[in-house]
Each structure stands twice: as structure tokens, then as C-alpha cells.
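Novice: Spelled out, the chains give:
2 protein chains.
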Amino acid sequence: MFGPLNHLRVVEGSAFVAAPLAGLTLAQAGADVIRFDPPGGGLDYGRWPLAPGTGRSLFWTGLNKGKRSLCVDIRRPEGRELVQDLIAAPGEGGGLLLTNFAGMPWLADEVLRARRADVIKLEIAGNFDGSNAVDYTVNPAVGLPAMTGTGGPNAPTNHVLPAWDVACGLTAAFGLVSAVLERARTGQGRSISLALSDVAFATVGHLGMLAEAALGGVDRPPSGNDLYGAFGRDFPTADGRRVMIVALTRKQWSGLVKVCGIADAVTLLEERLGADLSEEGARYLHRDAIAALVAPWVAARPLAEVAAAFDAAGVSWGPYQTMTEALARDPRVSTANPLFTAIEQPGVGSVLAAGSPLAAAGEARSEARSAPSLGADNDAILGDVLGLSSGAIGKLYDAGIVAREGE
Amino acid sequence: MFGPLNHLRVVEGSAFVAAPLAGLTLAQAGADVIRFDPPGGGLDYGRWPLAPGTGRSLFWTGLNKGKRSLCVDIRRPEGRELVQDLIAAPGEGGGLLLTNFAGMPWLADEVLRARRADVIKLEIAGNFDGSNAVDYTVNPAVGLPAMTGTGGPNAPTNHVLPAWDVACGLTAAFGLVSAVLERARTGQGRSISLALSDVAFATVGHLGMLAEAALGGVDRPPSGNDLYGAFGRDFPTADGRRVMIVALTRKQWSGLVKVCGIADAVTLLEERLGADLSEEGARYLHRDAIAALVAPWVAARPLAEVAAAFDAAGVSWGPYQTMTEALARDPRVSTANPLFTAIEQPGVGSVLAAGSPLAAAGEARSEARSAPSLGADNDAILGDVLGLSSGAIGKLYDAGIVAREGE
Chain A
1 MFGPLNHLRV
11 VEGSAFVAAP
21 LAGLTLAQAG
31 ADVIRFDPPG
41 GGLDYGRWPL
51 APGTGRSLFW
61 TGLNKGKRSL
71 CVDIRRPEGR
81 ELVQDLIAAP
91 GEGGGLLLTN
101 FAGMPWLADE
111 VLRARRADVI
121 KLEIAGNFDG
131 SNAVDYTVNP
141 AVGLPAMTGT
151 GGPNAPTNHV
161 LPAWDVACGL
171 TAAFGLVSAV
181 LERARTGQGR
191 SISLALSDVA
201 FATVGHLGML
211 AEAALGGVDR
221 PPSGNDLYGA
231 FGRDFPTADG
241 RRVMIVALTR
251 KQWSGLVKVC
261 GIADAVTLLE
271 ERLGADLSEE
281 GARYLHRDAI
291 AALVAPWVAA
301 RPLAEVAAAF
311 DAAGVSWGPY
321 QTMTEALARD
331 PRVSTANPLF
341 TAIEQPGVGS
351 VLAAGSPLAA
361 AGEARSEARS
371 APSLGADNDA
381 ILGDVLGLSS
391 GAIGKLYDAG
401 IVAREGE
Chain B
1 MFGPLNHLRV
11 VEGSAFVAAP
21 LAGLTLAQAG
31 ADVIRFDPPG
41 GGLDYGRWPL
51 APGTGRSLFW
61 TGLNKGKRSL
71 CVDIRRPEGR
81 ELVQDLIAAP
91 GEGGGLLLTN
101 FAGMPWLADE
111 VLRARRADVI
121 KLEIAGNFDG
131 SNAVDYTVNP
141 AVGLPAMTGT
151 GGPNAPTNHV
161 LPAWDVACGL
171 TAAFGLVSAV
181 LERARTGQGR
191 SISLALSDVA
201 FATVGHLGML
211 AEAALGGVDR
221 PPSGNDLYGA
231 FGRDFPTADG
241 RRVMIVALTR
251 KQWSGLVKVC
261 GIADAVTLLE
271 ERLGADLSEE
281 GARYLHRDAI
291 AALVAPWVAA
301 RPLAEVAAAF
311 DAAGVSWGPY
321 QTMTEALARD
331 PRVSTANPLF
341 TAIEQPGVGS
351 VLAAGSPLAA
361 AGEARSEARS
371 APSLGADNDA
381 ILGDVLGLSS
391 GAIGKLYDAG
401 IVAREGE
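Sequence lines, in order, name chains A and B. According to full-length UniProt numbering, the stretch in the first sequence is residues 1 to 407, in order. According to full-length UniProt numbering, the stretch in the second sequence is residues 1 to 407, in order.
Wrong hints could be hidden among the right ones.
Identical copies go unnamed one by one, so any copy, or any two together, can satisfy a pair.
Keeping only pairs whose Cα atoms sit at most 25 angstroms apart, straight-line, the calculated DMTMM-like set for lysine to aspartate or glutamate is [claimed, not checked]:
1) K395 x E81
2) K251 x E279
3) K251 x D73
4) K258 x D288
5) K258 x D226
6) K258 x D276
7) K251 x D288
8) K251 x D129
9) K258 x E279
10) K251 x E405
11) K251 x D264
12) K251 x E271
13) K251 x D311
The set of hints was computed from the structure by calculation and includes no laboratory data. Please read all numbers here as calculations on a predicted model, not as lab measurements.
Sequences are here, hints too, so could you generate the full structure?
Specialist: Encoded structure:
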């Protein structure tokens, strides 16, 4: 099984998306990720969506798959000390803390480094100055809702995906492993901070969008479902389905023209417009005229026929489908895809769960494992990692320093 | 300067977002990333947005900052051999290939491994079966456009951000560094594949959205700009601005209630509804009633007053702003944020550019560097890495195997 990080032990103090996704990414690459939570669960323990019937959070169980759970009362000094001991526990792959609990004195660098000099701590914050921000407050400030849909700045459309949380979590996983690689060469620990809004602003910068606004002095207007800068649009089929068609490259464009039988019409259009539609930018400028040629062909055919013709011609396209539709008919969202495994998640039931999308040739994929119940791994962690006796562990339960789900 | 990967040399064969972003992420963590491109540039060399006047791609220059460029004709055997030699060149941090050129025989595992046994190759594909897909065709299949905005499945709204490309690129950077860490311990090379659509389906799975659809049997309806599962909505201010307000946690909710002076009204509302609005799910179910209490308070005040009151009360909120507005007034998108540097980008001019969002305590941030012109680093790469003499390099130019921008 491909588990390049299977020598690492990461302590995770987290809530919501970014830090838990970072921990999940590390766990699915083989790391032993120990998430600590207070009795009753942290701030994200009841986050929607919930499982029908039981009310168990599908969000929490989704983001904490394959981690171990330590349920500990971190309001009390004894609880904090257990977590500090766990972070500082010996071992080449230990000394790693991943957290979005920003600015907690008991997890401060100097406190941890006094216990283990080569600790690597990666702390996610909202903004670079330490102030708070969440995905849903960052994205409006980045400017994308004003470009999404058709409403513009006065009727912005928020994204549904917490895309910046996802990007921040993956950046955190990358940053932590990079620091581990550095430590393996130099022996040096690190305290790394990562701001959610920095990830967002950096990304739109990398995509050229900030420079476009700065140099042009104007904002890109929203363009509905059109692909910016080339040809891409959604079209309804004869059987009430809908497809997204993209002609970003010359090859994709010529495939589309050929399969739709519009070569002559495109030539006439180019003459009329004085444009060369083999240029991606020209396709964007004249997208309505192109769409008028493509639409009748798609509208005259059911999806199956469109799909077969497009696939044969190398057209870049995809069907629109809802999540229930994807689950019902797309093999990419089924156990036919080695990404997915049907797992039994306590409190939820049988669910399709994704493992790591990273697949190594000649090795089995890292399969998804269920999320732990709170405190499920207390005894193993306290015994095996911290070396506590069963008597000492019993006293921690008696004192309410550690607990299990429902206790 | 924090550069944990400054001993690595990565060869990148790429186009568009995911692979170039992976390479950028590695470069901004210190790696020597050598992107190879054909004379005249690859498929993404003219991707919009473009710089006014020069027409230089702001997309390309944004995603290839701080890399070195080898401009080589890979249609010819001699060009391919140079790239193969470069991938296989000796050194502890060499032997690394990052690419989205899927299925190229001359970059096949066995070809590379014959030259260097411990090569690590990370190849990004569209789908897990090797078939093609791009961000804009994947997202409709994932189901998010049907949940975005207010249109639903019959009037879906595409996202503007290529979020899956971003997530895939960051996963690729993580996967490559994880494999390097493994190789440092075991000496073993790897051939890793990563599918764009796997990243997308895995992510909506991790967020609990697939399980919600599977277990509930219905699709989540679109809910405009509302935050799912708690309280979050956009509100206009007295001075024509707009803010996103989020009350995900109890603390955020109590802060909002307090600052808006609606505690009594909320109590009355709870009695009338028979609901406890301190529960996040209840806030979602009764979001319209809550919004009716919050809206007049926001609408009666200009943004500056709203901002000051919200910040003092610890409310989670953010302003809507377009990119030109963000550049004009948000210090997070300026050189007041150590993330950003004003750089001189040849062919573009002076632009604000983001470095790595990963900041290590006690170290200078890795600053953004400009993107190379095509072939700018030919001589250094061929001479220093491959050990070619200036005479041999001259012959490669004469034969058109390597070239520089505009040649």
C-alpha cells in the first residue's frame, strides 16, 4: 500500500475544513494523525450535513476519516499537558502539530520547543495579521462573487464549495511535509503560519486575475457559464440533459467544428467577422455567434448520442448532473473507481468514501477508513505513545481529563 | 529565507493550471523548477487574461513565477533526449518529473527509470482511466453548479475559480514532496498518477456532500448566498456596500445578536418558532426570520460603522469588493502584506505578485520572482546541470533543438 508518510505522527487540534482536511490528506498518505477534541466534540462536531435518523455529522465523519481520536478536556491543565506530551513524544516522525487554534498560549512555540527542540508546528489563521476570517467571508473580499453568474457587483453570487478552505488545507499539508523533509536533512524544527486569506489572494494573483484588474483598471464582468478567454458554454440536449462544452485548444476547437458539421458556417462567420476563430481569444469575443452554430446540433440529439460523437472526435465536454445523478450513473463516483470504497461509518451506516487520489504504480491505493468516535483511541495513544499504565489511564478517566463519546 | 525544498530540482512538463500551480508551489518553497516548453510556447502560452498593450499572458506569467525555462523542440528525438537527461541528471534532489502530459511514451516510467532508477514521476490526468477532463467539464459532473446561485439543476451556475485545478495542483505538490520524503528514507522511486476528477469527487465526499445525497436520496437545493447548515447571508449597507455575515459558532451568533441589539427580538422569535437559535441547524432553518432582524441594522449604517461595530463584537463578517476595489483599499492585497511584492515582469510591467503563503517564524518570506522568458535559462541548465560545453550548446541552437523567446 502506498503510504509515503507512514513514519509520521501528527497531532491535530482543529475545527471546520482547512486544518481537518490537511490532517485527512496526511492520514491518507499514511501518517498516524491524532485529532484531539474536548468531551462532547469541538465546534465542528455537529456541522451540517447530518445523517438522517442519527443526526451524526456527515461533514465531521467525512473530514476525519482514518484519524485517531483523543478526547481530552483542554480547559484543564492536566489535559493540556497530555496534548503537549503527545506533541513532544519521541520518535523520528513525531513532534508535529497541525492546528487552526491560533494564538493559544499553551501551544506557543516556546512552550512546545522547551519539550522537544525540533517541533514542527503549522498554524492556520484567518488573516496574515492573526485576525479572523472564514472561507465565506474571504471569498466576497477576493472579488469572485461579483464575477460569478450574471449579477455582477450589485447582485453577487457566492460559491458553494469552500474552495479557499480546501486550498488552504492542501497548502498546509504540503507545508508540513516540506518542513519534515527539511528537518530530516537539517534537524531543525519550524513554526509555520498560513493565512486562509493569503491562500485566496495568492491564488487569484497566480491566475493573473489581480494583474488583469490592476493593469486594465476595470473589473472583469460576469459572463454566466462561459469560459473566460476561449470558448466554453453549457447547452441543453434533446432529452432534457445539459452539457458543458470547452474549446480551449486548437485541437478541441477543430474537433468540435468537425463533429457538429459547422466547418463551412465557421468559415463564413470568420469572413463576416474578420476573425480567426482558431485563436482562443477570438473564440471568446465571438462566443455568442459560435454558440448559435453549436446549439442546434446539441439540441437535436439526446445526451447519449452527443456523448458518443464528442468522445469519438476528442471534444472536451462533460455532462451536468446533480450529486444523486452522479451517484446513480457516473462510474467515477462508485467502487468501479479505485478511489472509492464502501465503508461502514459508525453512527452513519454504509457510505461511499474516498481514499487518497494519489495512486502509485504497483501499489494498492490507500483505502478510505471510517472516522473514529470521540476518544476511541484514548487508551492506545496514552499507553503506546505516552507510556502511561492502565492504572494511570483509569485515573484520567475518573478525573474527567479524558473521556469517550457520550461520556 | 524559508526554502525547505531548496535542495530539489524538479522538471516540469505542463500546461494550464494544475501542473503549473504544483510547480509554482514547489518553486516558492525553494525548489529549482525547470519548466520545458516548445519554441513559441505551449498550449497555455497565450491563455487569457492578457497584458494590455503587449498581449503577454498574465495567466502564464502568474503561474510560472520563479521557475527556470528550457525551450526545447520535443517533437525531435534530440530534444526529448535533453529532457530525459535533465530528469535523470544526478544529485540527491534530482530525478523529479511533474507533468500533465499524460501517456507520452518518451516520458514512460520504464524509459526514465532506465536512466535513473529512483525517478519520481507525478503525472496529472483528467480521469482515473486516463481519459480527458478539464476543470470546466469536471465541475458540472460533480453537482455544484446545480447548488450554486438560485437556478437549480435546470439553470446551473458554473464557478469562475478553477477550484479543482487549484486543489489538484496543490495535491500534486503534496504528493511529490511526500514521495521525496519516502525516497530519502528508502531510496525508492515512484510513479504516481493523480486524476483531476478524483480530486473533485474526493473533496465533495470529504465534505459530506456525497453521503448527504446518497443517504437522503435527494439533492441539496440551491440556497443563493446563504451558508448551508448555519446562518450566513449577504446584506446591503446604507452606503451601497455589501457585507457577508456568518454565524457558524455560538460565539459568532451571540456577538451578532448583541451588536445588532436584537436579543429581545430573537427571544420572541425563538418562542414563536419553538426553536433554539443557539443551535446552528436551527439558524439555518429559520434564516429568513433571522435575516429580517439583521437587515435593518445593517441597512441603517454605512460600511465603516458596520465594520467597526462587528470587529469590536467579534462578529464573523467580510465586505464584498471587486478585484479593483480590493487592490485599491484592502491592505491584505498590497505590499503591506508580506505575501506580496511589487515585481517587474518582462513583457508586462510592474505587478503585485504573491510569494508563498507559508511563513516560517524567524525567517524572511520567500518573495515572488518574475516568470522567465522562454528559453531564458537554456544555457545555464544545459551547461550546469547537463555539463554541455558552450560549443555543444551552440550546435543545439544552430540545429533548432533549443531556442529562445521570439526565435
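Novice: None of the hints should be skipped; say for each whether it holds.
Specialist: Hint check:
no.: 1; hint: K395 x E81; verdict: within (15 angstroms within a copy, 67 angstroms between copies)
no.: 2; hint: K251 x E279; verdict: within (11 angstroms within a copy, 53 angstroms between copies)
no.: 3; hint: K251 x D73; verdict: between (60 angstroms within a copy, 19 angstroms between copies)
no.: 4; hint: K258 x D288; verdict: within (19 angstroms within a copy, 50 angstroms between copies)
no.: 5; hint: K258 x D226; verdict: within (21 angstroms within a copy, 43 angstroms between copies)
no.: 6; hint: K258 x D276; verdict: within (16 angstroms within a copy, 60 angstroms between copies)
no.: 7; hint: K251 x D288; verdict: within (20 angstroms within a copy, 49 angstroms between copies)
no.: 8; hint: K251 x D129; verdict: between (47 angstroms within a copy, 21 angstroms between copies)
no.: 9; hint: K258 x E279; verdict: within (17 angstroms within a copy, 57 angstroms between copies)
no.: 10; hint: K251 x E405; verdict: between (57 angstroms within a copy, 24 angstroms between copies)
no.: 11; hint: K251 x D264; verdict: within (17 angstroms within a copy, 64 angstroms between copies)
no.: 12; hint: K251 x E271; verdict: within (21 angstroms within a copy, 63 angstroms between copies)
no.: 13; hint: K251 x D311; verdict: within (13 angstroms within a copy, 52 angstroms between copies)
The structure shown violates none of the earlier numbered hints.
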